[in-house]
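> As a plain string of letters, each chain reads:
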Amino acid sequence: MFTTEVNGVVFQARGLTKVYDMGEVQVHALRGVDIDLYSGELLVLLGPSGSGKSTLLNILGGLDHATAGHVIYRDRELTAASDSELTEYRRYHVGFVFQFYNLIPSLTARENVAAVTEIARDAMVPEEALALVGLGERIDHFPAQLSGGEQQRVAIARAIAKRPSVLLCDEPTGALDSTTGIVVLEVLERVNRELGTTTALITHNADIAAMADRVMRLADGSIVDVHRNIEKKPARELRW
Amino acid sequence: MRALDKKLLRDVMRLRGVVLAIALVLVGGVSTFIMSLSTYDSLLLTQAKYYRDYRFAQVFASLKRAPETLARRIVHIQGVDKVETRVVAAVNLDIPGFGDPASGQLVSVPDRGEPVFNGVYLRRGRMVDPASDDEVVISESFANAHGFELGDTLSATINGRRKELTIVGIVLSPEYIYEIQPGAVFPDYQRFGILWMARAPLAAAYDMEGAFNDIALSLTANANVDDVVDRLDEFLRPYGGRGAYGREDQLSHKFLAEEFNQLETMATVFPMIFLGVAAFLLNVVIGRLINTERDQIAILKAFGYTNAEIGWHYTKLALMIVAIGLVGGVVVGIFLGKGMSAVYQDFYRFPFLQYELKPSVVINAALVAVAAGLAGTLFSVARAVRLPPAEGMRPETPTEYRATLVERVGLQRWFAQPTRMIMRHIERRPLRALLTVLGIASACGVVMVSNFQEDAIHYMIDVQYGMSSREDLSVSFVEPTSARALHSLQGLTGVAHVEGFRSVPVRLHFEHRSFRTALQGIEPGGDLHRVLDKDLKRIKLPAAGVVMTDYLAKILGMRTGDWVTVEVLEDSEPVLRAAGFARPKTFQFADVLAASQPALRVPLVATTKQYLGVSAYLQRNALNRLLEEGNVINGAYIATDSRYQSEVYTRLKEMPRVSGTVVREAAIAQFNQTMEQTILFFTMVSATLGAVIAFGVVYNSARIALSERGRELASLRVLGFTVGEIAYILLGELAVLTLMALPLGFMFGRALCAYMVSQFASDLYRIPLILEPDAYSFATVVILVSAIISGYLVWRRLCRLDLIAVLKTRE
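Chains A and B are the protein sequences, given in the same order.
According to the numbering used here, the first sequence holds residues 3 to 242 in order.
According to the numbering used here, the second sequence holds residues 358 to 1168 in order.
It should be emphasised that the hints constitute simulated quantities derived from the structure, not laboratory data.
Since this is a predicted model, take the numbers as computed values, not measurements.
Just so you know, even glycine gets a beta-carbon here, dropped at the ideal spot from N, CA and C.
Each pair of labels, with its calculated beta carbon distance range:
| # | chain 1 | residue 1 | chain 2 | residue 2 | range |
| --- | --- | --- | --- | --- | --- |
| 1 | A | Val226 | B | Ala665 | 40 to 48 Å |
| 2 | A | Val11 | B | Arg1068 | 40 to 48 Å |
| 3 | A | Glu130 | B | Thr1079 | 49 to 57 Å |
| 4 | A | Ile232 | B | Asp1159 | 45 to 53 Å |
| 5 | B | Met370 | A | Glu196 | 36 to 44 Å |
| 6 | A | Thr19 | B | Arg1068 | 28 to 36 Å |
| 7 | A | Glu196 | B | Ile720 | 53 to 61 Å |
Isolated chain B, as found in the complex (with noise of 0.2 Å):
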């Protein structure tokens, strides 16, 4: 080995602590980096295969009945490869021990084999006989939920006759990854489960024998999807169809898209963060650790050393560092991101995880933190030898120290000397004084961005429950229904208001963009659902016209004034006839845009500010015209008295119209957990990450600070100066640095939150850019720590300092 490779070896070994400490900041930066995109990267790769082995469906559809023959003409769609039909019924569950009011979705399973598509992998139990008429199969996170077992009974409601089922299989989904509950914003697993049901029984029971109510295909290679759904609606229309859809459509893909949307943006912003703030500091420590090597530099130099020898070998030294970190960050990653992918395993329900590390995710790590020890290494030595060497071997001390600002203006009698060496210090070497200032405001701004979300959250929680939806509970009924539903609801015991609402699913067309989503007719005056503005006020709703959501208004593309385009994707035929009204007409777009009346055109006339969900708000009985039907509702808001709460419960259970209910605290609850396990847990890896790499940034700048001043600060001790005096001198320093890098620090971190906010902001939920103090003083309490643990061990070494040996060397 050469010399040179030997003085690199023993170089990192006495360095330890500095190469341990930068080494340190680069693992945070490049674990975040490995562990984020790793999980994202797993669980898009375990959702295809998970799609792909339980053969996932390309478009569905409901509708109200059709014959089975028409799946027959249906396969004959362009583009269409399999059709597979369905019998699916939403009914009311009474769960034993358990009051608050359940619903469920049964679904049918084949008579013969295994279902075309969307099929259940089975964690327990036996698939249902499918001859028998009391035996289901429920999904797990229902089953979970309740502490279901193999052989527990629960009674559900179908078609108006009760029905005691018996669960003989727990299984999963592709298709129901989330159960979201029509009309929920999250999945709500102790009130909404999906349950499989042999189709034979189920079909009798809805008088579906020989027919359909839902149906799933699967798509040729080239198949154009929209195409397809146009066609496919085209044949269910005369059947009641519901409107078809393709995945990015189907509820549970939708919510799981957009969660891995956040994900992704998690997965890159943030890890591009950390690696960035990595990438620079590394690049700050390093040229600072060059620097204290001037003097050896010079030596080799002076013993005709070419510069690219030089700078080769201290490139190799940052290669070292570079490399720990590296390997560190690249192992610590792989075991977070397993166990994040094994978290998110869990939360999600896939059946099974495929761990992906891609290579280009490590490549990329390392090329960055590669470029960024280089450019580092390259900058100090580049400088360092463009000095000639008989310059060099002298120790760096510009003699140009002057009076600072402070003691200019004539305050210098304030300040004993060792604060005027603080002063000057920091004023002689401004850019260095910055780069130091920089490197802890941005671990600052790392720990407030990883903290950050959970004040924003409760914030929205806040807006959503306690400003907008104030209603304790909301119930949606089977069909729609004549208002005077209402009064049964206000009737019972307990109810304290009740107001109704019409709720109809539609598709929003303006310009060439489209949006599927809830048209929701509410009272003007209600008091429990209230549509906010900007500033929170409440909104009145005008007698007509649309008020939409700040975010569905962007989506659009649609300004104040402008007129939207409504599709209604409900046939309201039956129910409407049934309550004894004229048959009115049935509103397709198609039918719009060829007669190109004006007819479902509404203006848009404010837009409400909603953190959760995208909706669209008119006056119900406006909605109820636009429609051509009566007075009529399919849902209600209720506020309780909390004290018959349970009575409220069992009563709306004995209602056969009832078909889902919503309960406030569940949902908040709900909303709670769900952000606890994907995004806050998040957050608190990435917090704890912040915090390693704002100890590094602080630690380094110490620790570098002392190399650069020991010689000093050890003659100031030959001179009679005290360890705590000389500790006050250097660690003072640090102080003011890091007094200076925290108002430093909260802008940036403001900066990067905003930024972050505006990333995330998707169809499920926008958090707003709430910072409460606590974000701002959980950043700096953990900057503190970091500089009064860096100082504790700065000063054990201060009390190391060797006296004699500064006498003895040159200066």
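Only chain A is shown next, with the shape it has when bound in the complex (with noise of 0.2 Å):
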């Protein structure tokens, strides 16, 4: 499913806004973003805690709605769609990685991908996507078994194991030491290059921006600064 247009542009968000309402007092976690995703780029959206960049995340990937504002994927209104919309654009197109994983402790993790791969069209066989990753022999391992970069290299196996249009990492070395944060990095990078996944990726690691073909700084709500990178570093030179 994933796209061969070059430079089309796969989201295109304008004006979005996103007011929690803490009874209260109201947090404003965005504040009229606009921003495009092009097709087959790796994004990174670079930010200190508190900025919204899960937020957007979030809303980019359908887990939630914004108060205010429109995303477009592709060429369907990500913020006028159903639930049931919703839940067939996530099953159908997006791939996510979280910050702790949030796989299911009582599958292996073969299982864990098989879950989503059931569920997708013309989804990889789990095993392939777990070699992708690295994680040929581990496969039948329960979450609590293996490593945190293992169980992360799992959350991406099974993120991209539906062959996703765009993926989006939200925070995906966050638990990790720098040494595994590399190794998964590694992995979305190959991911991006080889299936040619659009990416975005979510940090606070201001290292991180280096392998991204656009980086984009989010301050508390708003988008302060985008720039592309003339040279991608290779995820294996990073060090943080």
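Now that you have both chains on their own, put them together as the hints suggest.
See below:
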């Protein structure tokens, strides 16, 4: 399901606003964000915690609703989509990777991936996806028996096994040490390169920005800077 | 197998403690349901088969004496299928080694072949030789009460002559499933028994050759019982008929029917309550269980699982739990049902037992359980999937804690932080706290309802035998006799006080309703047998008018001041003639109607509170006047000096005119035994199951609270709280909720008991709503012990909380 378009726009968001109503106070997580995401690119969203990056990613992924503004994915408007349309969108088009992996603890690595491939169209077999992330051998282990890096790689395998058009990663290395984090980033880089999956990766770690095609900085719910890396650094050369 | 199904199986394994506790609640509900209804159905089926196989008759009548030829005319009554005549006689018995007075009923068996009706099931020995005049077969309950063996003898006073009888067989009869002595409230197998004897010698002894004094009929398919009874009454009237009656008025059948009614009430009300409570709890606990899964639901949603798929996934989880509870409940229910049916088989002395579990019973239990499980599941899943996945993946912690009411009014300085946490947690989730409280309260109520009857029964005995029927003995005479007979009783050594009574079988009519009972004429100033008002104060019987058991007045729809029409079902002619009185008018209801005379109409002047039986009272001389007879009695209440009791018994036995004696102590013992074997056994089993449910509820509440708050508590441990301190936070909340639930549970239990009492009211007895402190304390103990055990189990889990995991994972 990945796209072969070159430089086609996958996401177009305009005026995205998100306000959390916390009873007596209102928290503005996003304050009118405009963003385009191009086919096949690797975008890094940088920002300190509380800057609204996760909220942005969640709205792009159909996990949350915007308070105001529009998101257009290809030719459909996500902000107007019904619950079942969003479900269908997540099911066939989007892969998620979360900071805390969010694996289902009662399923093995293989079964965690299968839980997704079973409901997708034209999915990989779980073994193939797990081989892609370099986890050929430990596929019958339960999450509790895997290291953090391994768990995150299972989560990536789970996200890419359905061959999504977009891969949305929320602090994928946030819970990992740098060596393990780099292994995970290498996997994401490879998926982006080999499968051409449009990838948005959010992090507060500025060092990771070097591997992106484009880098976008968020602060306090607004985009403060966008720049294109002339030269991408391979993930294995990153250090922090 | 699909990955999600594997997840399901592993989740069930992981949650096995909770799953089992929920299933246990359901096992309690379902097994009570299965046990009760299958027992009831089995008894009905067995009774029906017993009646059919042993040809229990449909219409009965006794009379003074009629020629055998009359039977050939009776068979032509429209609606009558077959007719059989018998000779039946009341006799006094003298049982070797048994000092108390005992009496029996001699029933003839045909000279040739099996009886047409009311066949007997031969347990041991053989039937009597038709030619033998000293052989009897006796009922098994009577035999067991005295340890009679084949070949043993006992003597009977047959028509004034003492006769030695040899027991050749021991039998059961559908006609005497209950052997109740006339005048007694409950069967007393030691002092009253049924004996079958060859017809020829029995007829000879009572001058019944070519004649009969008892008749039984069966009916054709479409016959109307009332019409046949009326026609039969017309035929028998000239022969001293005592009023024919259908099966529903046959003493043993009626008693059994009443018992079955009560059983039906218990078998429907109890399990409905239990199953209802179990269903409610299932709903609550499954809902909470699903709630703890909300982050997994969010993940599944994030990956594109539809709400329907997620709903179905958790539905399967709920169905598995329900299935475990159902299978367990059915298995336990069948086991208990068979056991209980066997107890009842033994109690009712059915020769066999047909255990029956109707598929509909299982299906109904399954439907209720599945519906409750699904409701709990779908409600929670619906709530979980309504959240956007991004929100669902965050732990459910509404941040809106606030100072509780207690703190706002300025009492906070009295409470340490953990106590404030307890109070705030309860106040933050009032609905959840309320559901927990309701769950524990309903469990408490169930325990109370299963336990209350014992108190009520003791109270009944106190009222009946301590305040109302205060006599030590009551004797009845073979026939109505002049009140002078009292002098000979009074003169017996050991008799302290005697009061005569006149009792006459009647059918009371008011508007279109009627009821067959006895009209009791007692001494107005009598000290032994008292009539009580609703405050249990003694009512002085008025000179005219009748006082009825409140329950009877309700059956007849009468109020004080209404006039009841009395149809007398006794022909008193011969005795009065013998006593030298003028020939009185015989009263028959038909005559009353025909002549439309006001003669036998009596005003209802008051109602009396009585828990046992259904009676109507008036002054004895008023009854005598009503019957246009002289100073006549047919029984007496006696107070004895306990030192001379056996002498009194011996002397009474020697009096040929005394046909039956009811001993008060024996009646109480008998009453207790009856209650123990039926109701109390049932309630004991129910109380156990109620306790199981109670435990399930409390344990679930604690266990789920733990899974909801495990992270929070582990974090506190990391901060240096001891296990004891975090246990205080979690279990303190449970303790508060449990204590809040108790008073509510008492109220709920009392309401349930009131409902049971209203459902239990019958001709035989009405259970008063009496809840002694021990009913409350028993329920309290069950709940508290459940709470303590649950607390202990949760404590053990708290000791094993994984502190590292808390630090590692998200929040």
